[in-house]
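Novice: Chains U and D, in that order, are what the protein sequence lines are.
Heads up, the first sequence stops at 194 in this note's numbering, and the numbers go up one at a time, no gaps.
Heads up, the second sequence stops at 83 in this note's numbering, and the numbers go up one at a time, no gaps.
Calculated from the structure, these hints are not laboratory results.
Treat the hints loosely; a few may be bogus.
[Stated by the list, open to error] The calculated lysine to any residue pairs, modelled on SDA-like cross-linking and capped at a C-alpha distance of 25 Å, are: (1) U:108 with U:59; (2) D:5 with U:63; (3) D:5 with U:66.
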Amino acid sequence: MSISVDRTSLSRRLPGDLAMWFFILAELTVFAILILAFAVTQVLNPELFSQSRAALDSSMGLALTLSLLTSGLFAALAVEQVRAARPGRGALLLVAALATSCVYVVLKLNEYGHLSSMGLGLEHNTFFTLYWILTGFHFLHVLLGMVILGWMAMRCQRGLYTAADCAGLESGVLYWHMVDMVWVLLFPLVYVIN
Amino acid sequence: MSASKVLIGCWLALAVLSTATVLLGNAGSTLLLAGAVLAVALIKAWVITEGFMELRHAPVMWRLLLFGWPLAMACGILFAMMV
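Given these sequences and hints, build the entire structure.
Specialist: Have a look at this one:
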């Protein structure tokens, strides 16, 4: 992406490409509709949601959260290394971010498999319909983010990002943080709040 | 403080707050506890936007826009529970 963001002043700078920020806002709008739909439906069916939520393990939700947040940390540290003219370390940190996100994928697939084996699929009830749509949509974003992390790790290893020209790397990592932020709201809504 | 130390500090705060979310959720199911869980989620989202996304160095409009999203979500969820 070539649209660089101008600095409004020496102390105020928006990282990444402006196009990525608009993309993030669009994604957040879609997630907002799904999250509010879940919240409103929960109010209309409190008993059903409370009973259905009991099938979910909040400690699994915590493990999923920690794996995503740790991956986000590695990705953010990778940007710092590239800015410090250490692209090799940056590439390693991006691989670490990718590896940590694999933990999320394995845990989530394990949870999906467990729920499916208990017959708690998409059509079981309203809670699980919204659960599968909401977390499934987020899961697809995680997979896309992993592809981006892998792509950026390869480019970083080849020295294609430099301290002066790393807006593409910043944009990819921003997308990954957006996925983190959405999960931070999904986690209490789906697993915790009764 | 170096940028890397700030990021590690953010991660530590996020890990502690995530654990607090589960503990609050296990403490009961009152509106007050739900509000506390959402407040924790809001703080976590703020740490991500200001720390990981580096919006602390960005123009105010973008900071408000990005923090406005979790704020709107938390208020929406809480409002739905109170109606």
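Novice: Determine for every hint whether it applies to the structure shown.
Specialist: Verification of the supplied hints:
1. U:108 with U:59: 12 Å, holds
2. D:5 with U:63: 23 Å, holds
3. D:5 with U:66: Answer holds: residue 5 of chain D to residue 66 of chain U is near 18 Å, not above 25 Å.
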